[in-house]
Structures are given as structure tokens and as C-alpha cells.
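Number of protein chains: 2
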Amino acid sequence: MLSLRLTSLTHLFSPPSSTAIARRSPAILRRRNHHLRPRPLAASFSSQSAAAETQDRVDNSKNRVSDRVITPRSQDFNAWYLDVIANAELADYGPVRGTMVIRPYGYAIWEAIQEFLNVKFKETGHSNMYFPQFIPYSFIEKEASHVEGFSPELALVTIGGGKELEEKLVVRPTSETIVNHMFTQWIHSYRDLPLLINQWANVTRWEMRTKPFVRTLEFLWQEGHTAHATPEEAEKEAIQMIDIYTRFAYEQAAIPVITGRKSKVETFAGACKTYTIEAMMGDKKALQAGTSHNLGQNFARAFGTQFTDESGVREYVWQTSWAISTRFVGGIIMTHGDDAGLMLPPKIAPIQVVIVPIWKKDDEKAAVLNAASSVKDVLLTSGIKVKLDDSDQRTPGWKFNFWEMKGVPLRIEIGPRDVASGSVVISRRDIPGKQGKVFGISMEPSNLEAYVKNKLDQIQSSLLARAIAFRDSNIIDVSTYDDLKAAISQGKWARGPWSASDEDELKVKEETGATIRCFPFEQPQGIKRCLMTGNPAEEVAIFAKSY
Amino acid sequence: MLSLRLTSLTHLFSPPSSTAIARRSPAILRRRNHHLRPRPLAASFSSQSAAAETQDRVDNSKNRVSDRVITPRSQDFNAWYLDVIANAELADYGPVRGTMVIRPYGYAIWEAIQEFLNVKFKETGHSNMYFPQFIPYSFIEKEASHVEGFSPELALVTIGGGKELEEKLVVRPTSETIVNHMFTQWIHSYRDLPLLINQWANVTRWEMRTKPFVRTLEFLWQEGHTAHATPEEAEKEAIQMIDIYTRFAYEQAAIPVITGRKSKVETFAGACKTYTIEAMMGDKKALQAGTSHNLGQNFARAFGTQFTDESGVREYVWQTSWAISTRFVGGIIMTHGDDAGLMLPPKIAPIQVVIVPIWKKDDEKAAVLNAASSVKDVLLTSGIKVKLDDSDQRTPGWKFNFWEMKGVPLRIEIGPRDVASGSVVISRRDIPGKQGKVFGISMEPSNLEAYVKNKLDQIQSSLLARAIAFRDSNIIDVSTYDDLKAAISQGKWARGPWSASDEDELKVKEETGATIRCFPFEQPQGIKRCLMTGNPAEEVAIFAKSY
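In the order they appear, the protein sequences are chains G and B. Under UniProt numbering, the first residue of the first sequence carries the number 1, and numbering increases by one thereafter. Under UniProt numbering, the first residue of the second sequence carries the number 1, and numbering increases by one thereafter.
Worth flagging that the hints you see were computed from the coordinates, not collected in a lab. A hint or two may mislead.
Given that identical chains are not distinguished, each listed pair holds provided it fits within a single copy or across any two copies.
[Stated by the list, open to error] Straight-line alpha carbon distances no greater than 25 Å define the calculated DSS-like cross-link-like pairs of lysine-lysine that follow: (1) K285 / K122; (2) K347 / K122; (3) K211 / K142; (4) K347 / K120; (5) K509 / K347; (6) K168 / K211; (7) K168 / K509.
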């Protein structure tokens, strides 16, 4: 009845048809050009797209290189970011302002994030479940600082089934309120604790300034919610989860985040403490890439979430919540990408190795494709995500550029001479040109598998090391406000002792544009004096401009 | 930094604390009692819940058996269904009318559905992606029959960020319109086709009569959307996907669906043809458990989704869409459950085997728990989803009933005598009492693994065989309208030749409450005459009352 083709995940990401570079994903570019400012490159790209609608340009564009349409990163970071998203087909704008369509290649990166975290959440005792996204408006009002934080950003459903609703419904911006409403029904005794759950869901925040992945009106995330019998347990949970995020960032995404505690001003609306992972993007702006909140008893008191403890006394539960979202995909792009486009860490790359067969004469083709296909099978069997780009539509040079732009970590080239010598040529995405290219790697399966796995590991480590070096060379230790202002005005991060007031913190923001990203867990030894007041300070804080 | 406990998925579903049977999930029962009609059993259960809020009843309830609170299926199928959902902790009502919270045990069944289908979708060349859930109202109006079908069920966002919106936004009831809006931007030439995508998402339909899993205001599903160059390809795709659903239903869920084509009256709003899988529930009502639509060019014309074919001519694409939702979880409950509660097919059971250790004296406990733990490790290692219920809070008898109610396919009992003889006792959920119980199965790992795997396979087959027998004994072949009416009034399905008009079809619905579920793919041979008109008929149709 069924005839299922058995193929790898990665075959799905085929190169677009030959006109696609000129035509696909024009919306992001068009929108940007239209609303922000016209740029010559993108503008001409955009008009090509329009013209192309009535004419097929296959042959004309056969040798057009894909990276020509990407603005150099150094020239305009934001334009580069949008170009990469459009050209690598990661996302497109949705029809409603601020919404985003996540395209297959972008979604596959999100799936890699999900796969890793989902296992870690389950290993640490959390169960997945699902809460409704419609929340009665009255719920949002129950926790005072929560309503203050979220009410300006709400999307409200007021009509259902053709009728005006008696109570407006909030499309969830986050689920603490509805979670607590249910927890109150499920939790009775200390034996019901800890209650450890997670959901993968969409959330909506009516943001005014949006940017694909980084800040969109609707986004995807996971939100963990837990309830505990003691404050110590809740604190331990909040720390455990920010540690899992940290480990994910370093080990999978090769992003050397700085983990720490938010200042009171920057703490989540409704939380006692917020822990955060802060990542330095290629333009040195900070990206808050994940947070874990110790909610104390704030929501428990607002919703009456109590349990009977071992001595029979009714107590409010202690809670946490924690989240990572599709914003993280933006962080990956902006950490590793370069002028040639995307650069993906092997552990989260939808395609880890692309094979480009090279032939000139028709009589070479069969042997080359045959060898390429064997190499593909060898790598597939050993669990490597591999794509064979055997299309006739494009030159090898075009394919090199295209897959570099898509950020594939390793490229294997196979030509007639390689077939004759039983070897292949392997190029690293992270080391451009001849330096990253090694000739004469034997096709012998066990050799090839070991070589490729080893190279992928090297690339993974190398991306992390490079990001660490970049981060560390752009954080300046400061001991006065003048130092801080100088560092920020150079576009760097400033790290210095801080024990000043919330007002001083807001003054820094107003005068420099920088905020306290966190008080890092890793603190320098020694006596510290607040950079602003000169008073004793227990901790250094990190200041930076941020997304 | 991190200390991750490595545990199995299934350890997450621990038995509730000892008061939980009396206390947890009261909402579903309370709601039912309140809004539908009070029932003595549930009413007393419900008042227990309320009373329990201020008092801990652990010890009193130690020997209370869990199945006492489940209404017998034969007595009241609907009450039984809601009792099972509440007691097995599959779902609870959300605070907004018609919404549902999917609890961990219920969500794990959905995850099993996702895992199987997600692989099949990728094997057949589909990529996951994500479309925004907010759709401009004007989009819904573009396809005439689509707007007619969906407009009464829409939830509308009219306020965003504190301001009245210029255009109302529809919270997606399904995504054909926004998908086509994007496809129009992505598809240019025949080389861009076929375009094969899927998304896992929540959808909202403002249903007036709701029922957990079966019909809720918001539900989870996957929706596949494809575009093709020819009508033949689209038709092949629509058939391929209904075949995958059919295979999933038979092989994983042990539900012997009848696969066929919907009548014109029952076709999806906007489709040319709808294929469906129809399942017979335990009360003999039909459940539409999955659909696959051949959309023809309807949405392509409404949204201008065109491509340039090989000869340079602009053509509209041919499309399909197909979906399975959390409704399927309801189908599993209502197909296999019995008076004792849920009965899960091994292939989708979150816990396939539960181990219940039995001891009386303290000096027996260590040896029994030790043996139970070894057995658990053996099964875990061989990939079986196993749960060891070693809690001190409950008697073995209580645990037997509890895990039966949760539908776990196999139970392993280990007592002191079993430890002495190096053997275990194994009971099947699908065969009650002594008949399903086998003593003296050797604990020797390879023996035990083989025995358990074999038994799980047998249970899987047996559930399917039983459901097939039930289905076939409740379908009556009819050749006249009187026959049909008689069959339906007996609560059965009627199968008979049909070539009458839409009006006649609506008359059947009005007079009998039954609708055409489908024209099955499997058709009897021979000449047929329409049961209503006596005219020649090409096909038999199946009529039934449905959810």
C-alpha cells in the first residue's frame, strides 16, 4: 500500500532551483529595503526578483555566485544578518507585522536545539505537557509586577465564534499564571512535590521593534515550570536549569555565554531572581540567550498554590520557570557567521558534510557520481548528516559558495583524479581558502569516517575557541564610570564592581545605552569598590549594549 | 557544574501521592457534574476531593482501590471516558471554556504519535517548518468555501499592544491561507516543485460542544501542506499521506480504521477531495481520526500561487493538506479501554511494563527490591519502557489496580518466593485475572527479555484483532433505507450502495443522526443499486453516528 522512500534527514535541504538565489526569500530584503533604508546591492537583488517572475533565467544565472548578495558583515552588521537569513533560507517575514515564517533550514536548527534540551530536561526529571494558550485576562492581573511587565505587550482575543467575549482572553506571553492556576488544583501534599514540567509552545508578545529570530511578535520556546517544598530546592532547580543552558551553549552551539544573575532592574516580572546566559554577538552587542527564574512564592501567593507539609501545616510552594526560544537561532547566526554567510557548529548543523562531485566530460560523470555516492553512504552509515549535491544545474564553484553561505562545516570534493587515486579533497568552512583544504584523504571507509569525525570535532572546538577569544578581547575591566563609558563607546563590554542603586543603573543606561547584563557567577578575587560610588562592592557586573 | 541523573523516560510517571486518586484531576469530574448532570459516583468522588483539601488522608486511603471511581463503560460510556481521563491523569480542563490541559501521561501518548509520524513524514521527503498563527482576516475570505466553513469558528485578536488593530487577526483554525500566501512568494518555476512541508502546531476553533481530546477549543496537530506541478502528483501525495495515517493507526495504535473518501457534503472546506480514516469507538460511534485533502487549485487560484512549467507557461499549482491531531489520543482511549480503565497498545504506551515488588516482612524487602531493580535494568537495556513502582505508600493490590487503570500492557510481580526461585510472575493487561497471568518466568536476562518482547508483540496483535472483530461485528450491510435506519437505531454502522443526492444524504442525517463516514477504498465486487434510490451505484458508503 505504501512505498516509503528511505532517505536521510539532510536530503531535504536541496539547493534551490537555479533561479532561486535571485528569487527566493525576497520578502525579508524587500521589507528591509522598504521600511528601513534602500541599499544598492539589496535593491538590485530585489528588482531582479521582481523581474524574474515572468522570465526564466536558469542559464544566465548558472555561474552567478551566491555570496555576491550578502552585505559584508564589517560594512553593516544588521544588513548582513538579514541577508544571511534570506539567502540561507532560514526565515521569511509573515504577513502580519513582526511575525516570522521559520523555513525548513532554520527550523532544522531549532529541532537540533530541541533534541538536545528535551533529553536533558527528561534526564533531570521533567515531564512535557501542554497548557492552553488562552489565559483569562483576570489571571494576568493577579501578580502585580507580572501585569506591569507584560500588559503593554499583550495580544487580546475579544471575539470568539462570532460573539464578543465576556472576558477578554490573553494570548499567552508566558504561562506562569495559567500554570499556577492548574498547580493549585494538582498540588495538595508535600508528596506531590517537586512538580517538574516543561512545555514546547508558541508565545506572543506585541513587540514594536522586531527582528527575525531575535525579537518577533510570535516565537517558539520551551518553558519549564516547577514547584518545590523549600526555597533551597527551588534555588537549586533554577541553578540547575541555567547550568543546562550554559552547557548547551558551550558544548552544542559553541557560544561562550557568560552566566550570571540579573540585576533587580532587569529581573523577570514576577521573579525574585533571574539567572541568565549572555552571549556576545559578532557586533559585540549582548544577546540574552536563555533565562531561569527563581519565582519564590510570588505566583503561589497570587494563586493560592499551597501544600500540606510533613507536619500538617499549609505552606505556599516555591517555584521556578526557565526558557530558551527561537531567539537562540539568531544568536548562532550572529556568533559564528562571516562575510561568506552562515557558519554552523557541527553539533547543530542540519547538514554537517556536503559532497560536491566535479566532472567536465560526460564520460567522467558516472565514475565521479558513483564514488560520491559511496562516500555519502559511508558517512550516513556512521551517523553523519551528509548531503550530496549532484545537481546538473550549477557549477562546482557555485555550489562551493552556496554551501559555504549555508554554513555547512565540511565540504568533500570528488573529481576524476580523486576517483583514480581513491581519495577526496576536504575543505573546512571555518578556515577559508587553501589553508582549510586538504588533498588526498583516502576514501577507504574507516579512514574517511575517522577523518571526518575528527575534523568535525576540531571545527566544533575551533568555533568555540575563536568565540571565546573574541569575547575575552572585547571585555574591558573598569574601575570607574569614566572607564565604563569609554569601554561602551568603543562598542565593548565593561566589567566592573557594582553596588550602586537602581537609579544609578538607569542613569548608566540613559547615558551610555548599556545595561547590566549580569553579575557573572565567575567573580574575580579581592576587594572591590563600586565603579560608580566607590563604596564596597561584593560583585563585578557586566555592562553592555544589547539586543 | 551539572549533575544530571540518568533515568528512563518512564520514571517520570510516578504514581500520585497516596491521596491523589481521591484528589487529583477533580476539574474534569467537577465540570462534568456541574454542567451536564450529577452522577452519584462522581458526585461523591468530587465532594471527597473538596473535603480532602484541608486534610491529609494518606493512611485511610491506603487500601482504596483506584478503579472504584471509574463508571463502568457499559453503564455510561461518556462518564467512563471522562473518568478514565481524570483518573489516569491524561488531561484536565483549562480555565477557559472548552480548553484542555494535556497532562504528562496524556502528552507522552501524543509524543509517541509524533515520534512515529515525524519520521515517516521526513522519509517521504517533507520538511518541518513553522508559520505564524495570526492570519489577516482578509486571507480567510479569499477562498469562498473555506470562509463559509471556518468563519463561525474563529477566534479573533482585535487588540495588540494596548491598541485596537486596523485589521482583525484570525488565530489559525488551519493554515492553508497563510501557507498559500507564502508559497506564492517561494514558488516560481517547476524546479521549485514539489514543495513538501509540515508543521507541528496548535490550532483554535471556537467549538460550542467540547469534549477532552475529541473536540477542544485549542488542540495540537500536525498539518502537512504540499504543492505540485500536476494533479496526478497531488492526488498521489494525498493518497500517500492517508496511507501513512492508516498504517500508523493499524500498526502503532492498533486501531482498525476504515480508510476512504468523504462525500461531497463532508469534504473539507476548500478541498476537492477529502480522504479520511474512520475509527469505531467502544460505543460504536465513528471518530474521524485523520484526513488528507486534495485541494486541487482552489487555494492556488485564490492566492495566485503559480509556477512556470517546462514549456514556459504559467500554471497554478496543485495542492494537498493533511492532518492528525490530539483527537487521536481520544480515539485510543475509546477504542481499547475497558471497565478497569485505559488499555494502551504497547507501541504507544509511555510505560510498557510496570514492576510491582511484593514483600511483607522487612527482611524480605531488600532482596525483593534488589531483584526488581535487576529486572528493571535488564528491560531498560533492551529498550523496553519500564517503571518500577517501589513506593512504600501503597499495597501491591492497590498498585495492580492503579497501573491497570493507567493501561500499562504488562505487569511483572516479584515476591520473596520468586526471588528464591529466580523467577517472576507476568500479567497481561488485556487478559484479566488468572487467565492473563503466568508464573515462574525465569529472571535470566536473555530469557526475560525475549519473553517480555514476545508478550508485548502478542498484546499489540491481540488488541488489533479484538478491535477488528468488534468493528466487523458492528457493521451491517444494507440494501435499503429501512435496513439502514434499523442498523443505525441499533447503534451500528451501515454499509450500503449509495449514489443519491446531497439532499438525500442530509435527509439521512436528519432522520437517523448518521452521516456518510466515507466511501471505503475497499469496495465489494458486483453490481450495486443505491439503497435510497435504487439507481445504479458505483460504491458502497459507510453510515454511522459520529463524534
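Which numbered hints are broken by the structure, listed smallest first?
1, 3, 5 and 7
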